[in-house]
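S.K.: The primary structure of each chain is shown beneath.
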Amino acid sequence: MIELNNITMSYSMAGTVITVLRDLDFSVGPRERVAIVGPSGSGKSTLLLLMTGLEQAQSGSVRINGNALESMDRDQRADLRRKEIGIVFQSFHLIPSLTACENVALPLDIAGVGDSSVRAGEMLNRVGLSERQTHYPAQLSGGEQQRVAIARALVHRPGIIFADEPTGNLDEATGQSIMELLFDLKNESGATLLLVTHDPAVAMRCDRTLRLHEGRLHDTAVPSSEASNP
Amino acid sequence: MFRYLLRDLRGSSAARSLWVFCACLFLGIALIAACGGLLQQIRGGLEGQQRNLFGGDLELRDRTPINDRQRVWLNSRGTVSGLIELRTMLAAPSGEFAVVELQSVDQNYPLYGQVALTPSQSLTAAVGQSSDGVWGAAFDPLLAEQLGLAVGQRVRVGALELELRALIEEQPDRSLRADWRGPPLIIHRRALEATGLMQPGSLIDYRYRVRTDEDPDRWRRDLGEAFPDAKWEVQTVSERGEVLGDRLNQVASVLLLIGFSTLLIGGMGVANSVGAYLQSKLRTLATLQSLGARSAQVAGVYVGQIVVLAAMASAAGAICGAVVAWSGAQALADRLPISAGPGSLLFPTLMAIVFGIVNALVFALPILGRTLDMPPLRLLRGDSQPVGKTPRLFRIATAVMVALALGLLFAIVPEPLIGLAFIGCIAALFLFLDGIVVLVRTAARKLGRLRWLDGRFVWRAALANLYRPGTALRPMLLSLGMALTLLVAASLVIAATLRALNETVPERTPALVFYDIPAAAVDDFTRRVQGLEGFQDLVIAPLVLGRLSSVNGEVLASSGDAARALEANDEHKLSHRFNGIDNTRVERGAWWPDGYQGPPLVAMEDREADQLGLVVGDRLRFTILGQTVDAELVAIYGQARFETRFWLEGVFSDGALTPFITRYIGSAFMREGAEIPAMRTLGEAFPSVVTLRTAKVLDAARSILTAASLAVALIAAISLAASVLVMASVVAVNRQRQVYEASVLHAVGTRMSDVLRSVLYEYALLAGVLSVFATLVGSLIAWGILVYWIELPTDGVWVIGLVVATAASTSCLLAGAWWLVRTLAASPADLLRRGA
Chain A
1350 MIELNNITMS
1360 YSMAGTVITV
1370 LRDLDFSVGP
1380 RERVAIVGPS
1390 GSGKSTLLLL
1400 MTGLEQAQSG
1410 SVRINGNALE
1420 SMDRDQRADL
1430 RRKEIGIVFQ
1440 SFHLIPSLTA
1450 CENVALPLDI
1460 AGVGDSSVRA
1470 GEMLNRVGLS
1480 ERQTHYPAQL
1490 SGGEQQRVAI
1500 ARALVHRPGI
1510 IFADEPTGNL
1520 DEATGQSIME
1530 LLFDLKNESG
1540 ATLLLVTHDP
1550 AVAMRCDRTL
1560 RLHEGRLHDT
1570 AVPSSEASNP
Chain P
282 MFRYLLRDLR
292 GSSAARSLWV
302 FCACLFLGIA
312 LIAACGGLLQ
322 QIRGGLEGQQ
332 RNLFGGDLEL
342 RDRTPINDRQ
352 RVWLNSRGTV
362 SGLIELRTML
372 AAPSGEFAVV
382 ELQSVDQNYP
392 LYGQVALTPS
402 QSLTAAVGQS
412 SDGVWGAAFD
422 PLLAEQLGLA
432 VGQRVRVGAL
442 ELELRALIEE
452 QPDRSLRADW
462 RGPPLIIHRR
472 ALEATGLMQP
482 GSLIDYRYRV
492 RTDEDPDRWR
502 RDLGEAFPDA
512 KWEVQTVSER
522 GEVLGDRLNQ
532 VASVLLLIGF
542 STLLIGGMGV
552 ANSVGAYLQS
562 KLRTLATLQS
572 LGARSAQVAG
582 VYVGQIVVLA
592 AMASAAGAIC
602 GAVVAWSGAQ
612 ALADRLPISA
622 GPGSLLFPTL
632 MAIVFGIVNA
642 LVFALPILGR
652 TLDMPPLRLL
662 RGDSQPVGKT
672 PRLFRIATAV
682 MVALALGLLF
692 AIVPEPLIGL
702 AFIGCIAALF
712 LFLDGIVVLV
722 RTAARKLGRL
732 RWLDGRFVWR
742 AALANLYRPG
752 TALRPMLLSL
762 GMALTLLVAA
772 SLVIAATLRA
782 LNETVPERTP
792 ALVFYDIPAA
802 AVDDFTRRVQ
812 GLEGFQDLVI
822 APLVLGRLSS
832 VNGEVLASSG
842 DAARALEAND
852 EHKLSHRFNG
862 IDNTRVERGA
872 WWPDGYQGPP
882 LVAMEDREAD
892 QLGLVVGDRL
902 RFTILGQTVD
912 AELVAIYGQA
922 RFETRFWLEG
932 VFSDGALTPF
942 ITRYIGSAFM
952 REGAEIPAMR
962 TLGEAFPSVV
972 TLRTAKVLDA
982 ARSILTAASL
992 AVALIAAISL
1002 AASVLVMASV
1012 VAVNRQRQVY
1022 EASVLHAVGT
1032 RMSDVLRSVL
1042 YEYALLAGVL
1052 SVFATLVGSL
1062 IAWGILVYWI
1072 ELPTDGVWVI
1082 GLVVATAAST
1092 SCLLAGAWWL
1102 VRTLAASPAD
1112 LLRRGA
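Sequence order for the protein chains is A and P. 1350 is the number of the first residue of the first sequence in this note's numbering; add one for each residue after it. 282 is the number of the first residue of the second sequence in this note's numbering; add one for each residue after it.
Hint data in this document are derived by calculation from the structure and do not stem from the laboratory. Only a predicted model underlies this, so the values are computations on that prediction, with no experimental measurement involved. We put the beta carbon where it would ideally sit given N, CA and C, even for glycine. Keep in mind that the hints are not guaranteed to be accurate.
What the hints assert, rightly or not - Not everything, but these chain A residues come out facing chain P in the computed CB check (under 8 Å):
no., residue
1, ASP1424
2, ALA1427
3, ARG1431
4, SER1446
5, ASP1458
6, GLY1463
Unchecked claim - To list a few chain P residues with every Cβ distance to chain A over 12 Å, as calculated:
no., residue
7, ARG492
8, LEU685
9, ILE699
10, GLY736
11, TYR877
12, THR962
13, ALA994
14, SER1034
What the hints assert, rightly or not - If you anchor each label on the Cβ, the simulated ranges turn out as follows:
no., chain 1, residue 1, chain 2, residue 2, range
15, A, GLN1525, P, ALA684, 50 to 60 Å
16, A, SER1410, P, SER608, 53 to 63 Å
17, A, GLY1517, P, LEU290, 46 to 56 Å
18, P, SER1108, A, SER1410, 31 to 41 Å
19, A, SER1410, P, ASP715, 48 to 58 Å
20, P, SER1108, A, ASP1374, 18 to 28 Å
So that you can see chain A by itself, here it is in the shape it has in the complex:
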């Protein structure tokens, strides 16, 4: 369960204060699929990072499964991410000095899980990269890197998946296959999915679409084709 109350967020840039989010209120229920859409620079990614605890709002409250992020310290927020959240970034953010398998195993290693390599291998197998386990990020294509990133986001079976324009750096065909993978894995795990996207087709596959415009969220409540069958 994700709950946002009265969230306001602004940046100071070259002496000018830019408010990207204004008094936002919304919530996302368990197993729900929610798309956040909006023009570039509207604050979609900021909103997503806010919900992961990687960014902090000036005012308002963010609750993840009942935990108020603003009352947690940095380490507690990290603990929450490790246990309950998986993040897929537009720029993948893989660690260049780790192989694909090591990147996927990271959340398990951090949690001190013993069979991390085995589980990471299985996850890579699941995303179709069983042959690329020992390859470094620079040796993988963009689509492959994003698959590794998805595998890393899901390997520890999080309750919530955040995806920040996961197909933004990929071509259409690769993007489609990545989205298929993401939705399939989401359905398998039963996790909540919150994704930022520009792609109306991707948004259509979600239960709800929230449009961010001039710092405010508008629930477009577009029925999705898969909404009846989560």
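Could you slot chain P onto chain A? The hints should help.
M.R.: Frame of chain A, contents of chain P only:
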């Protein structure tokens, strides 16, 4: 593209890599300029002082004058000043006598420095013949003090009456040795002849000092080839054999060593920062290529940027370094003859700027070449490790820059041969460190597989940072290992030198030194001294003059070895080992046990022994008062301190010299202020005993050595502080990527405290490896330098190496960790955006 060059620079001004680059370059060049400038001034001052004391660049010494052919040769190769020295007695108008060093000089004297006389006049006027036919003389203040002489009085030397025309206030080459031989009395050559003292068999020293711009060693080689049979002894200024000269030489060598180290450490700061800056530009570079820019254009932009940045940062660093050098020189100016004009700093400052630019290009060109050779797509995908060969054109350009950098290095440092040895040493160190990198990687990889680490993510991450591809281990270990090793070596050498400087003139020194105490008067003399007001201690030892006539049966006078043949004429000061009157240190062999009663044993002073090629175990025969004394050489000793300056050349086991003892030498410790009345009392009671007050000579020596100590300490402190800063910047530069990785780790759920703990463990492991390596290898290098180059004792300094290595590695790694912590304190989202 020039417009783009400037725009990109302007746009990068907010980027951390640009500032880190500039800061590293600034620090490195400031370090080089500060040390280079100060080094230049202080070395110049020390060299000037040594030349003044020595009297020229070279000196030929013989018992007979040189012939005309030799004179012509000498005059064709430099300016020559002839000096004749003769030890004799001077009779004062009061009827008192004193030993003096009669010196006859020519019109070229002194070749370096100036003689200052009171009343002010030229030396020629002071020693010339007056209209009434009386020759003049310039006399030493010590003589005035001993005999109460004053300008205008007449004294007698040999058969000649001399008028004392001037007091010598300053004599640049006034040998400290002259004190025991007698204070100098300068007269004209023709006056010397008129004394009637230049008889066959007289012990006269003919010294020919040469001033030349040529390399003294080459000059001496040429002289040897021109006159292979000559028996003279030739010394260069660098071989000046007195303790003070040795110390100044050692200081100059230490400064040179610091200079080399700072060049390397500063250069390394530049290299690391250039690499990091270009690394941050790889994607931009690929973008430019993808937009249609040709490789040459892109190369032009970034070479231009490196040159512009390097020039600006180097200029700022060089100016800052020059200011530090200038301030340091000012602080020392009243102690050392430093020509601290801003002009003397211009050369090292300019050289430092050019060195900064060239050094930046040396390290920038290969990276740039390899990067431009890569498909842009790989760069765009984030492959930040250019692999493959550097293109030919860039290889050639790099080689030219390397040659230029080496040329500059030899222009900055004064001794090319030592420079070459240093470069060789660095190359060996580099290979050695590369081996250590492989070892650390292998060990970390193996440790990383331990089951104990299962579930211990922090330790696993720390170890992984040491062996994963793309980690900063290699540049960190190579840079820091090299810098720390040099720092340890330099610190140990500096510590040994400072200790030698401090101990050269001990705090407690004898106030009076006595020569020519008649054997018959020793007991009476001793009682009288002990009864003096302010008396503290007295040491008396016999002094016997004798010649070394043969070594292992080889008669020196007929030896084919010129040095040995010349030595046969030399009279040596010999004594018994008695209460350590002459502070010595055994270098080879060992003293005989106390109470030894067997056949005669002898210990020789190192300079004499080395000149003759003597080794412990040689059978020596001395001729003393017409009789021979055979003794086995059991020890070779060096002068440990600058104390009484008896400089005994041979010390015999007790009893061996007893039949020959006719006089004694002694030294007395007195309460401060008691020495002058004591001199007066003793002078009246024992007019034939030469009594010298050591305070003035020791103060002069102490002042020079203190200045040298200060100079070394000052440069060492600047060098150490700046080196640690440069090393910290190297750590920071190499850790930029770690910031990104830490942000990703944090994003996927690692506690920041765990991230930092893993960094601290990694740094602790690195600091441990670095400290152990630098202590061991740095100590080894220091040992080599101290034993084979600077020739100073090595005992008791080693712990300093460990302290310096541990403190420096810990502080620079902690500074790096602090930088990382500060960086990671920013919002993780921000860090991820930057990293992307």
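S.K.: For every hint, state whether the structure bears it out.
M.R.: Verification of the hints:
1. ASP1424: holds, 4 Å
2. ALA1427: holds, 5 Å
3. ARG1431: holds, 3 Å
4. SER1446: holds, 4 Å
5. ASP1458: holds, 5 Å
6. GLY1463: holds, 5 Å
7. ARG492: Since the minimum Cβ distance to chain A is about 64 Å, ARG492/P lies beyond 12 Å and the statement holds.
8. LEU685: The claim stands: LEU685/P keeps its Cβ more than 12 Å from every Cβ of chain A (closest is about 35 Å).
9. ILE699: holds, 41 Å
10. GLY736: violated, 4 Å
11. TYR877: holds, 71 Å
12. THR962: holds, 84 Å
13. ALA994: holds, 44 Å
14. SER1034: Contrary to the label, SER1034/P does not stay out of reach of chain A, its closest Cβ about 6 Å off (not over 12 Å).
15. GLN1525/A with ALA684/P: 50 to 60 Å: holds, 57 Å
16. SER1410/A with SER608/P: 53 to 63 Å: holds, 58 Å
17. GLY1517/A with LEU290/P: 46 to 56 Å: Given range 46 to 56 Å: violated, Cβ gap about 30 Å.
18. SER1108/P with SER1410/A: 31 to 41 Å: Given about 18 Å between the Cβ atoms, the range is violated.
19. SER1410/A with ASP715/P: 48 to 58 Å: Once the Cβ atoms are compared, 55 Å apart, the range 48 to 58 Å for ASP715/P and SER1410/A holds.
20. SER1108/P with ASP1374/A: 18 to 28 Å: Since SER1108/P and ASP1374/A have Cβ atoms about 23 Å apart, the given range 18 to 28 Å holds.
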